[in-house]
Amino acid sequence: MHPAPSVIIFTTFSGLGFGLLFFLGLGQPAVTGLVAFVFYAIAFGLAVGGLLASTFHLGHPERAWKAFSQWRSSWLSREGVCAVAALVAMGLFAFGAVFLHSHWTLLGWIGALLSLATVFTTSMIYTQLKTIPRWNMNLTPAMFLSFSLAGGALLSGAEALAPWLLIVAGAVQLAYWTRGDAALDGSGTNLATATGLGSRGTVRAFEPPHTGTNYLLREFVHVVGRKHAQRLRVISFGLAFALPLLLILIPVTGVVVKHIFALFAVLSHLAGILVSRWLFFAQAEHVVGLYYGKR
Amino acid sequence: MTQLPQSTERKMGLVIDLDTCVGCHACVISCKGWNTENYGAPLSDQDAYGANPSGTFLNRVHSYEVQPDDGPAQLIHFPKSCLHCEDAPCVTVCPTGASYKRVEDGIVLVNESDCIGCGLCAWSCPYGAREMDMAEGVMKKCTLCVDRIYNENLPEVDRVPSCVRTCPAGARHFGDLGDPDSDVSKLVAERGGMDLMPEMGTKPVNKYLPPRPKDQVEDQIDILAPLLAPVADEPKGFLGWLDKTLEKL
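If you read the sequences in order, they're chains A and B.
Using numbering that gives the first Met the number 0, you'd call the opening residue of the first sequence number 0 and step up by one each time.
Using numbering that gives the first Met the number 0, you'd call the opening residue of the second sequence number 0 and step up by one each time.
In case anyone wonders, no lab produced these hints; they're calculated from the structure.
Some hints here could point you the wrong way.
[Said to hold, decoys possible] Below, simulated BS3-like cross-link-like pairs (lysine-lysine); rule was C-alpha separation at most 30 Å, straight line:
| # | chain 1 | residue 1 | chain 2 | residue 2 |
| --- | --- | --- | --- | --- |
| 1 | A | K293 | B | K31 |
| 2 | A | K129 | A | K257 |
| 3 | B | K202 | A | K293 |
So that you can see chain B by itself, here it is in the shape it has in the complex:
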């Protein structure tokens, strides 16, 4: 059914630390790798080795420049995937019931055998979290690695979404955001976790931790700096002669 559940027992989701993300795209690759081999249709590529390659991805990393009024600009890497919204518009617009939000953990999924590939769910998503697979003709989206997180065939350490497991910087966290005592909820409370496009009313479960303020460069870089002699002052030898000659001209 494409009616949203009144509430979900848990709110499983991701917390993404924009302070820590180094923009390596490892999460993108590991997501594509895991999800092309497991749950649902593979994530196809078109013209992969040709002039205009493109393909289906469930997770993409943008990079933004933020220029404060004073101080240097900051570069922020910005991974973006499905936010598993509480009020997910992609679920209610679905005409066939293929799109649904699970009551037990709040994960938004697509039943691919019911999907007609009309694309309306992608139209309704402000975050660009859903992509039509050009080979399969069905909508693909982040499953929160539903085939990993409960998978008892995997070692316990691997029972997290592939992107979280892979992140070398520890910028991605997975847990129950509906439980105020969970590690992820505490992290969100401590670091001022935020919603993307809150004005859309989607109530995203995934949260983003804003970058911490950068160290400020004071007038003096180091207290020892004034005591250090300049490394180079006057050129010597040939360059010294050239310098003097050019000045005379």
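Chain A with its partners taken away, still in its complex shape:
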């Protein structure tokens, strides 16, 4: 799949933002006033910024509002509905925390669950696609949710939980890569089933429909950079999970040093997740590539 910067930025940043909103909604940390303002500004900046980025790749962004209508069948529509609901609930909760110094616990819980539901619906947009076996696995929502929770824990300074969530997210990432590498071959779809000619012999794509490229090849058969995949996986794993874990577990004295370490942990995690998300798209093989003798 073509790793469009807009979707990589969208899924990474909004995942992190909604992860932070989840913890804030649960009152972790139970901040009020100016400190709360800073926390919520970061969370909303990430979540809303990501959502806005997702509209950049649309052919007609001005019609994006129509995407709220088909929540009965479409995960993309459900995501839009969930995102707005989560932002409204957490916006009200943030108003209480920042200006009224009060935490409306029930609203916070609702907002937290809606934030998590948004991340889940995002993941389901990809998971539902049978055409991309590498995405069509239970591990895809597990990965989006565990990344969001780990990132949210890091950003919210949940010291007790963050190391465990990072370990879980790292484990899910490794499992996703391992199972994903065998997904297309294990899906049972190949050029033989694509053409229905498999029973007659070995099928080979002899001549493509045209000499140039087309939308399908640009969008679905992205092979640039795949050769670096293993190296990028090591970089991604190190930055997203190993280094942040190290940075938050090193015993340091002094609030300032501790916060600087935490900042680096967050930035490293973010960079690692961006690489991981690039791989998520760039390595995904769409079955339409089979018709062109490619994967």
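Model the placement of chain B on the given structure of chain A, informed by the hints.
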């Protein structure tokens, strides 16, 4: 609405004969011609006369080589367009309701004024039947020439999809695949019509007729062959001299 209808009154679709298709791409050209001038936004081209031309097509013809375990390889031309699936994933993923399947005839269409160009329907289609138009920013797909098949301004003979009307080999057939007594259904039953990627669960309406087995070349090409004298045996003249001289060396 992007929910699929429980059932459709008819299942209009194409039957494509892989035995007959000669790979001339006439269906591709006639499809582009008709559909760029009629229903919906035109099918644009980018850099059409430049170094990297590309464009929107609703129908493309691939060619595959099939190598059996024994016997010679076979070349099969393979036209591919929207299969108007009964369980069309491109319809249910659409967030705006732009993509829909018609109850009356099962045709899958895009309402271009509702399409936001998110591309998710193309992602969900295993067959590559949907292409984003780069000029218009909306998704284009085969309409089964919905503006021809019911068009009373056209002579009756032309009330079939443009690709079917054009095919010089008669490799494309159009009709109601939901009616077991229709010509296309009979053709599918007789020739063992098949689905593409049945494991995807899309239940395509369009069917493909597999190529018939090739004539086998027996030991003897023709019963008269042994009676025919070889055309050339020994070279004469200059070539004969050259042949003998080279052999002596």
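Status of the hints after comparison with the structure:
1. A/K293 x B/K31: Measuring from Cα to Cα gives roughly 25 Å; hence the hint holds.
2. A/K129 x A/K257: 45 Å, violated
3. B/K202 x A/K293: With a Cα-Cα distance of about 24 Å, the restraint between B/K202 and A/K293 holds, given a limit of 30 Å.
The structure fails to meet hint 2 from the earlier list, while all remaining hints are met.
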